[in-house]
Amino acid sequence: MIEDAPTMEAESAMVLDGLAVGVDHLESIVVFLLSVAIPYASWVRPGSDLRPARVADGMRSVYLAAEDALRAFEGDVQVRHEHPALTLESSTHLILLHRVRTFGVACSFAREVPLGFARMAARQIVGTLEQDLPYPAEAPPVVQLPPHAKATVPGSLPAPAQLDFEAHEPAPDTTPPRSSIGDRVRTLVSHLEAVAIDPHVVRLRVALRTGLGLEALVYPDQLNSDALVLIETAAEDILGLERGKLTEVARP
Amino acid sequence: MMNLGTILRPVAGAGLLAVSDQIVLGATHHESVLLDQAVSDALGSEGWAVRRQAAFDACFALIGAIAKRLGIEGDREILDLATELYATLGLGQIRFDITATGGEVVGSDLLFGGGYQERYGGKSKLRHQADAFAAGFAAAAASIAYPSDWGSFEADETRCVAKGDGVCLFSLSRRPLTFRPGDGLTRSDAEQLLGPDAPPESDSLPIGKVTRDIVASCVASERGIIRISDCRFALLPASYRSQLTFDTLHLLEKRAAGRSPAPRLGHLFIDLAREASRAGMFQLLGSLFECAPVRDAVGPPPEDPHERVEQLSSIAGAVGWGPVSVLEYTPDQRLVIGVSMTPEAVYYAARHGGTPQSRMPGLQGLAEAIFYLATSVQWGAETVSLDLYRRLALDGPDLQVEETRSILSGDRECEIVVSLR
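Those protein sequences? They're chains A and B, same order as listed.
Add 139 to a position in the first sequence, counting from 1, and you land on the number used in this note's numbering.
Add 63 to a position in the second sequence, counting from 1, and you land on the number used in this note's numbering.
It is worth saying that the hints were derived from the structure and are not from the lab.
Hints are not guaranteed to be accurate.
Pair by pair, the computed Cβ-Cβ distance ranges are [as the list claims (entries may be wrong)]:
no., chain 1, residue 1, chain 2, residue 2, range
1, B, ARG453, A, THR326, 21 to 29 angstroms
2, B, LEU457, A, GLU213, 32 to 40 angstroms
3, A, GLU221, B, SER108, 31 to 39 angstroms
4, A, ILE336, B, ALA279, 29 to 37 angstroms
5, A, ASP188, B, LEU240, 38 to 46 angstroms
6, A, SER329, B, THR418, 32 to 40 angstroms
In silico EDC-like links for lysine to aspartate or glutamate, alpha-carbon gap of 16 angstroms or less [as the list claims (entries may be wrong)]:
no., chain 1, residue 1, chain 2, residue 2
7, B, LYS272, B, GLU373
8, B, LYS188, A, GLU213
9, B, LYS186, B, GLU445
10, B, LYS186, A, GLU381
11, B, LYS188, B, ASP246
12, B, LYS186, A, GLU354
13, B, LYS226, A, GLU381
14, B, LYS188, A, ASP337
15, B, LYS226, B, GLU181
16, B, LYS131, B, ASP246
17, B, LYS226, A, ASP376
18, B, LYS226, A, GLU375
19, B, LYS188, A, ASP322
20, B, LYS317, B, GLU109
21, B, LYS186, B, GLU167
22, B, LYS186, B, ASP228
23, B, LYS272, B, ASP359
24, B, LYS186, A, GLU375
25, B, LYS188, A, ASP188
26, B, LYS186, A, ASP376
We put the beta carbon where it would ideally sit given N, CA and C, even for glycine.
Starting from the given sequences, assemble the full structure and let the hints guide the process.
Encoded structure:
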């Protein structure tokens, strides 16, 4: 039984607020582990009494049951290229349930939301989370503990390194690491500069529309997924495109 | 339709232009669209309210001053006056269908929505309404026609050609009056800033006088459109542009004050406001410089770049920027212009007082436009166009601009330096 006690300690430090910016009727986003019914990250509209722990518990059960039930139609699929998505409709809520690797993602909307809009918004949220959520090998424990140093056993010390000043090793690479988000931002800005009608002011406009400033576009590798959503939205606004139309461009 | 000369008057000693007692500025659809766009970029959905409020304040003062001067009082008569004024100024066509409780206004060929379509040629659709100026104008006219001490009118644009609709449609309703509409930007604001010991206004060059005559002879079409070559031309209340710019800038600065570290969003907005002015004035001054009436009166654009830059500055003065003079010019290198009075400075001084900060993005953009036109256009071999401007903006000389002196910080005139970066 999962307690509905505050789950802040159990959740990761991942912030989802940026994903919810500008999405009308969105009530909550709950990312949970499919292995155990614990929320990994969540955003709940202020004033709402939704409890992420309860959502995670219920949605995990529903999703696993649905995957199991699908076997009756598809048989035992060894490798799924696309995970099934679920739509739950009640008199008060519309819930879209997706899977990202070992995580479930439940996006709940107020019932009056147009179904097509909710699907598009949820797909965009899930698309961003696919970039941000850890892969199984690197998936951190829900509560990260500092790594303990191993005790030194006499005789187990490695031999001191031999210094060889003659060796011509390549100089260490001091270039800051490129992030996937940084690459997507660069792709987006290049695309805008290629197709926007006033390309010479594109960077200024994106920097101002997002509120991130020009510095953020010069060094995009430091940006997080929230910033990427803001940049994608600004790019769509500048080009006069519908929401979600730039997703393909943003992919490397 | 009457010509602009019927309503346009110089502000004696200041080198500015006025309609009734309100200072106005010659504008094109280019900078009108681009400045509104910059405000939307800066403020998002709040931008609509800021733009509409600036338009309401400016137009309430303008329509009210004309109605008072002409002694027009009846509601229908005031709405007829507003309709005719809107078209005469080159802002497009509006038609009122309202009563004392509210109603609708239909707009067509509006400077902002229609201008957006014209500028972008249907390649891009706006995601938000474009005609905050028309909304503010319509609400101001309705509020004067049907005065109430309880409230004034507010207009929302429910359809807009810039979004792909066939027509612009505004819905008007009353709202409680929570503010007192200001006096706009008046002649007396300029005269106060000028002071009693101001030097006498120097005679402008012949090309400046010819340009004033051209502007005065402009007659809007039945659709409320004035064109100078390919460029759509209109007279806008100077306070609209300034209120829009500085209200937005102050909001950004106020918000940045609470964040640390804060991106310099105010600077980005100023850059875009300057770009709006540069893009619009490049088209307007360039179109006037090479138009047939100017060629007939003073000949084609001169070969001498010094003469060119003097003439372009004189044209700028004639469309309402004030007595612009060239203080220094090194072709292809550096331009310094000075102006003792300009609408931006009058507005800032009247509303906010003096400041040591750089506060004239419009004038800076004007100086850059003059630099481009004087140094980077092959006159006679190419004509001023949107494509030419975009080419220069992308691949032309990279300019930097500085406001080195300002009447807002106690100097006798404003000085703008444009040089290669």
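Structure-based check of all given hints:
no. : hint                                    : result
1   : B:ARG453 / A:THR326: 21 to 29 angstroms : 23 angstroms, holds
2   : B:LEU457 / A:GLU213: 32 to 40 angstroms : 53 angstroms, violated
3   : A:GLU221 / B:SER108: 31 to 39 angstroms : 36 angstroms, holds
4   : A:ILE336 / B:ALA279: 29 to 37 angstroms : 34 angstroms, holds
5   : A:ASP188 / B:LEU240: 38 to 46 angstroms : 39 angstroms, holds
6   : A:SER329 / B:THR418: 32 to 40 angstroms : 39 angstroms, holds
7   : B:LYS272 / B:GLU373                     : 13 angstroms, holds
8   : B:LYS188 / A:GLU213                     : 44 angstroms, violated
9   : B:LYS186 / B:GLU445                     : 25 angstroms, violated
10  : B:LYS186 / A:GLU381                     : 14 angstroms, holds
11  : B:LYS188 / B:ASP246                     : 35 angstroms, violated
12  : B:LYS186 / A:GLU354                     : 30 angstroms, violated
13  : B:LYS226 / A:GLU381                     : 12 angstroms, holds
14  : B:LYS188 / A:ASP337                     : 14 angstroms, holds
15  : B:LYS226 / B:GLU181                     : 13 angstroms, holds
16  : B:LYS131 / B:ASP246                     : 13 angstroms, holds
17  : B:LYS226 / A:ASP376                     : 12 angstroms, holds
18  : B:LYS226 / A:GLU375                     : 14 angstroms, holds
19  : B:LYS188 / A:ASP322                     : 28 angstroms, violated
20  : B:LYS317 / B:GLU109                     : 15 angstroms, holds
21  : B:LYS186 / B:GLU167                     : 29 angstroms, violated
22  : B:LYS186 / B:ASP228                     : 14 angstroms, holds
23  : B:LYS272 / B:ASP359                     : 13 angstroms, holds
24  : B:LYS186 / A:GLU375                     : 14 angstroms, holds
25  : B:LYS188 / A:ASP188                     : 39 angstroms, violated
26  : B:LYS186 / A:ASP376                     : 13 angstroms, holds
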